[in-house]
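Enquirer: The lines below spell out each chain.
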Amino acid sequence: EDQVTQSPEALRLQEGESSSLNCSYTVSGLRGLFWYRQDPGKGPEFLFTLYSAGEEKEKERLKATLTKKESFLHITAPKPEDSATYLCAVQAGSGSARQLTFGSGTQLTVLP
Amino acid sequence: SQTIHQWPATLVQPVGSPLSLECTVEGTSNPNLYWYRQAAGRGLQLLFYSVGIGQISSEVPQNLSASRPQDRQFILSSKKLLLSDSGFYLCAWSLRGGYTFGSGTRLTVV
Chain Z
1 EDQVTQSPEA LRLQEGESSS LNCSYTVSGL RGLFWYRQDP GKGPEFLFTL
51 YSAGEEKEKE RLKATLTKKE SFLHITAPKP EDSATYLCAV QAGSGSARQL
101 TFGSGTQLTV LP
Chain L
1001 SQTIHQWPAT LVQPVGSPLS LECTVEGTSN PNLYWYRQAA GRGLQLLFYS
1051 VGIGQISSEV PQNLSASRPQ DRQFILSSKK LLLSDSGFYL CAWSLRGGYT
1101 FGSGTRLTVV
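So the protein sequences, as listed, match chains Z and L.
At position 96 of the first sequence (counting the first as 1) the number is 96 in the working numbering, and the numbers step up by one without a gap.
Count along the second sequence from 1, then add 1000; that gives the number in the working numbering.
Calculated from the structure, these hints are not laboratory results.
Everything numeric in this text was worked out from a predicted model, so none of it was measured.
Keep in mind that a hint or two might mislead.
Which bits of chain Z does chain L cover? Going by a derived footprint, with three or more residues having C-beta under 8 Å, they are [said to hold, decoys possible]:
{"no.": "1", "region": "37-50"}
{"no.": "2", "region": "65-77"}
Residues from chain Z that keep clear of chain L, each with C-beta distances beyond 12 Å, as calculated [unchecked claim]:
{"no.": "3", "residue": "Leu13"}
{"no.": "4", "residue": "Glu15"}
{"no.": "5", "residue": "Ser19"}
{"no.": "6", "residue": "Thr26"}
{"no.": "7", "residue": "Gly32"}
{"no.": "8", "residue": "Gly54"}
{"no.": "9", "residue": "Lys59"}
{"no.": "10", "residue": "Glu60"}
{"no.": "11", "residue": "Arg61"}
{"no.": "12", "residue": "Glu81"}
{"no.": "13", "residue": "Asp82"}
{"no.": "14", "residue": "Leu87"}
{"no.": "15", "residue": "Ala97"}
Listed next, the stretches of chain L that the computed footprint assigns to chain Z, with coverage defined by at least 3 CB atoms under 8 Å from CB atoms of chain Z [unchecked claim]:
{"no.": "16", "region": "1016-1024"}
{"no.": "17", "region": "1092-1104"}
Backbone N, C-alpha and C define an ideal beta-carbon position, used for all residues, glycine too.
Kindly generate the complete structure, drawing on both the sequences and the hints.
Expert: This is the structure in structure tokens:
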């Protein structure tokens, strides 16, 4: 069974204080690892897809990296508007359904 | 461009009442469609997915059902709601990889 574990559950940072969120996974045949951002009361918003170990992607203050066992979402010099819940998900197997298995998320609060 | 519509945004229903949540996708053909539920402070739990019209797969036995009467329409239903059905319901579509989510429906069963 595919498993995704995110840590920490919650993180409070001061504006400008860089940090990293962790997503560890156990899957059979990883097809992709996805990062989403979710604001309260809204649907998740796509950030990144990573497909193979060693891959990195960046968007503004966010950088996602992938190894064979985990992924990190690095946040550099965060701003209050980066406050949200960050979700990690994996897609595995070879079927046509392409289900995603999600972690429980990291709730990030950036204080001004 | 592709868009996904989900309604209603919020719903308060009494225990034992029926439920119908609708999701439609525009700008794509033959997408995979998904219903997820998100309990407070928890991750997303896959409820149903569909790879085509009339094709529904259930991930979790429960009080809910799903139907796909048209290529870009996905409906989540219940004949009699339970208190435990409360949550945030999300519809999503996928064509070649990642998902695009709708804005969600906050269901409160009272």
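Enquirer: Verify that the Cβ of Leu87(Z) lies farther than 12 Å from every Cβ atom of chain L, and report whether the claim holds or is violated.
Expert: violated, 7 Å
Enquirer: Does the no-contact call for Thr26(Z) survive, Cβ to all of chain L over 12 Å?
Expert: holds, 15 Å
Enquirer: Please check whether the region 1092-1104 of chain L has three or more residues whose CB lies within less than 8 Å of a CB on chain Z.
Expert: Result for this restraint: holds, n = 10.
Enquirer: Is the Cβ of Leu13(Z) farther than 12 Å from every Cβ of chain L?
Expert: Per Cβ check, Leu13(Z) is outside 12 Å of chain L; nearest 20 Å; holds.
Enquirer: Since Glu60(Z) was said not to touch the interface, does its Cβ keep a gap of more than 12 Å from each Cβ of chain L?
Expert: holds, 19 Å
Enquirer: In terms of beta carbon proximity below 8 Å, does the region 37-50 of chain Z have 3 or more residues touching chain L?
Expert: Contact hint for the region 37-50 of chain Z vs chain L: holds, 7 residues under 8 Å.
Enquirer: Far enough from chain L: is every CB of that chain over 12 Å from the CB of Gly54(Z)?
Expert: holds, 19 Å
Enquirer: Verify the coverage statement for the region 65-77 of chain Z against chain L, using a C-beta to C-beta distance below 8 Å and requiring 3 or more qualifying residues.
Expert: violated (count 0)
Enquirer: Hey, is Glu15(Z) genuinely clear of chain L, shortest beta carbon separation above 12 Å?
Expert: holds, 25 Å
Enquirer: Count the residues of the region 1016-1024 of chain L whose CB lies closer than 8 Å to any CB of chain Z, then report whether that count reaches three.
Expert: violated (count 0)
Enquirer: Is it correct that the beta-carbon of Ser19(Z) has no partner in chain L closer than or equal to 12 Å?
Expert: Ser19(Z) is indeed farther than 12 Å from all Cβ atoms of chain L, at 21 Å.
Enquirer: Take a quick look at Gly32(Z) and tell me if its Cβ sits farther than 12 Å from every Cβ on chain L, holds or violated.
Expert: Per Cβ check, Gly32(Z) is inside 12 Å of chain L; nearest 6 Å; violated.
The earlier numbered hints that this structure contradicts are 2, 7, 14, 15, 16.
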